[in-house]
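There are 2 protein chains.
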Amino acid sequence: MTVKAAFSADAAFKLYEQVMNYIEVRIERGEWKEHERLPSVRRLSDDLGVHRLTVFRAYQELKTKGRIYVKDKSGYYVQPPNGRVDREPAEDPVYGSWARADELSRIHSIQVDYQFSKALIDPALLPNRFWSELMTNVFREYPKLPGTYSTVQGDAELRGALADHFSNTGFDLSADELLITSGGQQAIDLTARTLIRPGDRVLVERPAYGPAMEIFRRQGARLLTVDIRPDGYDLERIEQCMRTEKPRLFYINPTFHNPTGFTIPAAQRKLLPELAERYGCVILEDDSTYDIHFGLKTPPPVFTYATTGHVIYIRSYSKYVAPGLRIAALACRAEHMPGLLAAKSLADNGSPLLNQKLFLHYFRSPRMQQHLEKLCTALQLRKETMERCLSDSGWAWNSPVGGLNLWVRLPRQVDMRSFLQAALTQSVSFIPGHVFDPLASMENPYIRLSYPFANEAQIREGMRRLLSVYESLK
Amino acid sequence: MTVKAAFSADAAFKLYEQVMNYIEVRIERGEWKEHERLPSVRRLSDDLGVHRLTVFRAYQELKTKGRIYVKDKSGYYVQPPNGRVDREPAEDPVYGSWARADELSRIHSIQVDYQFSKALIDPALLPNRFWSELMTNVFREYPKLPGTYSTVQGDAELRGALADHFSNTGFDLSADELLITSGGQQAIDLTARTLIRPGDRVLVERPAYGPAMEIFRRQGARLLTVDIRPDGYDLERIEQCMRTEKPRLFYINPTFHNPTGFTIPAAQRKLLPELAERYGCVILEDDSTYDIHFGLKTPPPVFTYATTGHVIYIRSYSKYVAPGLRIAALACRAEHMPGLLAAKSLADNGSPLLNQKLFLHYFRSPRMQQHLEKLCTALQLRKETMERCLSDSGWAWNSPVGGLNLWVRLPRQVDMRSFLQAALTQSVSFIPGHVFDPLASMENPYIRLSYPFANEAQIREGMRRLLSVYESLK
Numbered sequence: 001m002t003v004k005a006a007f008s009a010d011a012a013f014k015l016y017e018q019v020m021n022y023i024e025v026r027i028e029r030g031e032w033k034e035h036e037r038l039p040s041v042r043r044l045s046d047d048l049g050v051h052r053l054t055v056f057r058a059y060q061e062l063k064t065k066g067r068i069y070v071k072d073k074s075g076y077y078v079q080p081p082n083g084r085v086d087r088e089p090a091e092d093p094v095y096g097s098w099a100r101a102d103e104l105s106r107i108h109s110i111q112v113d114y115q116f117s118k119a120l121i122d123p124a125l126l127p128n129r130f131w132s133e134l135m136t137n138v139f140r141e142y143p144k145l146p147g148t149y150s151t152v153q154g155d156a157e158l159r160g161a162l163a164d165h166f167s168n169t170g171f172d173l174s175a176d177e178l179l180i181t182s183g184g185q186q187a188i189d190l191t192a193r194t195l196i197r198p199g200d201r202v203l204v205e206r207p208a209y210g211p212a213m214e215i216f217r218r219q220g221a222r223l224l225t226v227d228i229r230p231d232g233y234d235l236e237r238i239e240q241c242m243r244t245e246k247p248r249l250f251y252i253n254p255t256f257h258n259p260t261g262f263t264i265p266a267a268q269r270k271l272l273p274e275l276a277e278r279y280g281c282v283i284l285e286d287d288s289t290y291d292i293h294f295g296l297k298t299p300p301p302v303f304t305y306a307t308t309g310h311v312i313y314i315r316s317y318s319k320y321v322a323p324g325l326r327i328a329a330l331a332c333r334a335e336h337m338p339g340l341l342a343a344k345s346l347a348d349n350g351s352p353l354l355n356q357k358l359f360l361h362y363f364r365s366p367r368m369q370q371h372l373e374k375l376c377t378a379l380q381l382r383k384e385t386m387e388r389c390l391s392d393s394g395w396a397w398n399s400p401v402g403g404l405n406l407w408v409r410l411p412r413q414v415d416m417r418s419f420l421q422a423a424l425t426q427s428v429s430f431i432p433g434h435v436f437d438p439l440a441s442m443e444n445p446y447i448r449l450s451y452p453f454a455n456e457a458q459i460r461e462g463m464r465r466l467l468s469v470y471e472s473l474k
Numbered sequence: 001m002t003v004k005a006a007f008s009a010d011a012a013f014k015l016y017e018q019v020m021n022y023i024e025v026r027i028e029r030g031e032w033k034e035h036e037r038l039p040s041v042r043r044l045s046d047d048l049g050v051h052r053l054t055v056f057r058a059y060q061e062l063k064t065k066g067r068i069y070v071k072d073k074s075g076y077y078v079q080p081p082n083g084r085v086d087r088e089p090a091e092d093p094v095y096g097s098w099a100r101a102d103e104l105s106r107i108h109s110i111q112v113d114y115q116f117s118k119a120l121i122d123p124a125l126l127p128n129r130f131w132s133e134l135m136t137n138v139f140r141e142y143p144k145l146p147g148t149y150s151t152v153q154g155d156a157e158l159r160g161a162l163a164d165h166f167s168n169t170g171f172d173l174s175a176d177e178l179l180i181t182s183g184g185q186q187a188i189d190l191t192a193r194t195l196i197r198p199g200d201r202v203l204v205e206r207p208a209y210g211p212a213m214e215i216f217r218r219q220g221a222r223l224l225t226v227d228i229r230p231d232g233y234d235l236e237r238i239e240q241c242m243r244t245e246k247p248r249l250f251y252i253n254p255t256f257h258n259p260t261g262f263t264i265p266a267a268q269r270k271l272l273p274e275l276a277e278r279y280g281c282v283i284l285e286d287d288s289t290y291d292i293h294f295g296l297k298t299p300p301p302v303f304t305y306a307t308t309g310h311v312i313y314i315r316s317y318s319k320y321v322a323p324g325l326r327i328a329a330l331a332c333r334a335e336h337m338p339g340l341l342a343a344k345s346l347a348d349n350g351s352p353l354l355n356q357k358l359f360l361h362y363f364r365s366p367r368m369q370q371h372l373e374k375l376c377t378a379l380q381l382r383k384e385t386m387e388r389c390l391s392d393s394g395w396a397w398n399s400p401v402g403g404l405n406l407w408v409r410l411p412r413q414v415d416m417r418s419f420l421q422a423a424l425t426q427s428v429s430f431i432p433g434h435v436f437d438p439l440a441s442m443e444n445p446y447i448r449l450s451y452p453f454a455n456e457a458q459i460r461e462g463m464r465r466l467l468s469v470y471e472s473l474k
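Chains as they are written, first to last, in full-length UniProt numbering: chain D, 1 to 474; chain X, 1 to 474.
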């Protein structure tokens with residue numbers, strides 16, 4: 001394949017992104033070294049057979065990303081890794097060319113009274129009262145707990161209890177097929193490090209959870225996207241993509257999806273593992289809000305439909321049971337476990353045993369179920385409160401049947417930067433939709449509003465302010 | 001540089017290792033794809049200008065590593081990542097061609113009565129009695145602890161207490177320059193992920209701590225080595241290596257070094273940061289047994305001599321205070337913190353807050369100092385017991401002034417595999433020295449004997465058995 005043939009307008013990537021990737025790969029490989037001058041725009045556009053503006057855009061984006069820098073207007077140069085990683089926050093934290101993990105955390109770091117940007121649960125809704133008592137019991141049962149290492153795979157007793165629970169809810173799973181991780185984030189990271197090699201393709205939903213995309217990109221993956229819509233995925237697009245691009249991984253969040261709240265229908269859940277098997281792709285199913293459902297039962301995960309090892313499943317309890325403990329479980333078939341154990345061993349040698357035992361005691365107590373029932377009711381009330389505030393606004397959304405977010409389309413284009421700044425000035429926060437766009441080219445004005453952090457009174461006042469800010473932009 | 005010129009006999013790598021690296025890089029880049037047939041031995045030896053036996057050895061080593069496979073005697077083929085990562089344990093877990101992290105854990109996994117293979121502290125020597133009481137206090141002070149996230153950098157109160165303590169012991173350090181990690185292992189991993197790019201050189205001690213080497217190699221680093229000797233490093237070798245090979249990182253464990261027990265003298269500690277600064281290298285100083293000293297005070301860490309940001313320092317309390325909590329601290333100057341925070345955020349979003357608060361309460365109580373004093377006495381007694389057992393054996397070692405290990409040279413060559421198997425049959429474990437050799441070419445018969453896990457009676461009986469096994473091999 002010649003260089004030129006690799007750049008085509010109908011590929012899954014936009015042309016300028018292909019050029020960016022071309023440049024980045026050469027920097028990574030050391031072919032273009034630190035502080036070395038890059039080819040001129042004219043030269044590279046000739047070499048690659050693309051328009052000069054396409055190369056110009058790629059260089060601009062790489063500059064924004066801190067991969068290259070401009071010196072004395074004489075040209076573009078390779079930024080050393082230190083300069084890249086350690087650079088100062090950009091002037092505008094929100095409007096990078098890519099949805100980046102730290103954009104989210106920067107918005108989150110702004111203190112506001114009406115917090116709709118964090119998909120985090122109000123600490124007042126989390127179990128707090130019984131931990132101290134549980135801890136006393138745990139120490140009585142395991143007096144040497146702080147002095148004892150966990151195994152790398154995680155406490156056998158906890159894995160046994162989780163396997164029993166999963167088996168009672170449609171999973172065919174043994175304790176050997178579970179790995180305890182420090183939150184769902186670590187489970188994504190370990191999977192990426194185990195399966196993805198530089199240059200591998202990873203298929204992701206669009207929109208998608210930002211930190212996961214950042215993990216894949218850091219692992220050297222090239223991202224491909226499939227839209228997630230209220231009625232599910234475009235399966236033909238998935239099949240075509242798997243056939244032609246052979247992605248190593250398909251990262252999905254099919255249940256109460258973040259940020260959209262959409263839930264993939266059962267018919268598609270059955271087909272996805274078949275597609276993955278046919279094309280040698282592994283599906284990574286992130287189920288971080290499984291228990292947060294309103295009314296109807298949560299549908300069986302994609303993992304439960306798989307007859308082969310082509311689905312890896314993440315259930316995190318960190319968000320909605322105990323963020324301070326950071327307990328999640330990864331479920332996979334035997335072929336993936338040795339690699340994941342090696343990665344976990346190198347990453348941190350196993351999650352702390354204390355946390356696993358404490359969570360275990362909570363998990364198998366009746367309080368767990370009581371907590372989940374109360375939590376779902378409280379979150380449903382908050383969601384409905386937010387939806388009522390929006391009922392006459394002209395803002396559009398699909399009412400989610402679970403999860404933590406409303407994915408709202410504004411009735412007209414606005415300058416998202418001005419809107420967010422004005423809202424923050426009124427002490428209201430939200431996340432602009434493009435932060436979740438792996439392609440950084442979202443056309444419609446979406447925003448994500450999270451309802452689990454603010455209470456109902458705060459939601460009413462915050463939404464009043466937000467709508468008023470929006471009106472004032474006219 | 002032509003291909004042939006890159007392969008020379010006087011480079012830091014052995015010739016066959018350079019060939020291995022040449023092949024691995026091409027597999028990583030996808031130039032040689034999964035299940036693709038590799039060039040024949042004859043062809044590659046012609047291409048690279050090396051002897052056929054060198055290529056043959058490289059292929060054999062790559063086969064052992066699971067990077068390539070042989071089919072029907074028709075040639076060598078690229079093993080897909082899954083096959084690599086998920087392969088079955090080799091027949092003989094101990095004798096791979098490289099010191100690998102899982103070799104250690106496999107030896108550790110064998111249950112024996114006389115445990116000299118684990119550099120872990122006997123749980124009976126760790127503080128166990130006061131945690132339950134501390135926990136009650138912690139919950140009283142922070143009732144919502146299990147429901148509260150830590151910041152990514154770690155609890156400000158804990159960082160403040162650590163910064164105070166460090167400042168009282170010769171460090172010039174603020175809380176902003178500390179990052180709390182889940183054990184020292186994670187601190188190494190985060191540093192590697194932040195600083196090392198594929199193809200970067202990393203200088204390591206020889207012998208060295210195995211899991212760290214595995215982390216660097218997985219990050220795509222090429223390892224270079226400098227011997228660690230009782231009187232320190234060969235500084236000329238370090239300078240030459242830094243000048244010609246430009247390593248990105250120099251990973252050191254200069255205090256009660258694992259596995260040798262050697263301690264780098266103060267004069268070298270002063271010079272190392274200067275060398276690092278001069279050649280743009282970052283020193284990663286792993287200080288996981290800082291407080292375990294016998295008699296003399298522990299010398300000031302290399303970090304305390306640095307006047308620039310060229311040293312990153314890891315102090316882990318996991319091993320000798322609370323393995324079940326997994327608390328370590330990484331200290332670095334401002335230029336490294338943003339990159340490390342981004343890596344920590346993607347890795348696990350911050351260590352669990354519960355563990356940090358619990359450790360903090362222990363750390364600032366008088367019990368911490370009392371524990372360390374008792375622990376050092378107990379470990380010194382165990383060390384001296386083991387040394388007395390060896391006094392008439394003809395085995396040779398430098399008596400360490402701290403740490404957890406004796407690095408012992410046997411008086412004659414033995415078949416290490418037979419020796420270990422025979423010892424295990426007698427319920428005694430140790431680690432063959434070559435496991436710690438990054439070059440996998442150790443000539444002298446060293447073994448590592450760890451004294452902190454077995455009590456004195458066990459040490460006496462275990463050493464009696466070990467010496468008797470050794471004699472029987474004659």
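In case anyone wonders, no lab produced these hints; they're calculated from the structure.
Glycine included, each C-beta is placed from N, C-alpha and C at the ideal position.
Where hints are given, some of them may not hold.
Stated by the list, open to error - Not everything, but these chain X residues come out facing chain D in the computed CB check (under 7 Å):
(1) Gly30
(2) Asp189
(3) Ala322
Now the hints, each set against the structure:
The closest approach between the C-beta of glycine 30 of chain X and any C-beta of chain D is roughly 5 Å, which is under the 7 Å cut-off, so the hint is satisfied. With a cut of 7 Å, the hint placing aspartate 189 of chain X at the interface with chain D holds, because the nearest CB-to-CB distance is about 6 Å. Residue-level restraint check for alanine 322 of chain X holds (minimum Cβ-Cβ distance to chain D is 4 Å; threshold 7 Å).
In this structure, none of the earlier numbered hints is contradicted; all agree with it.
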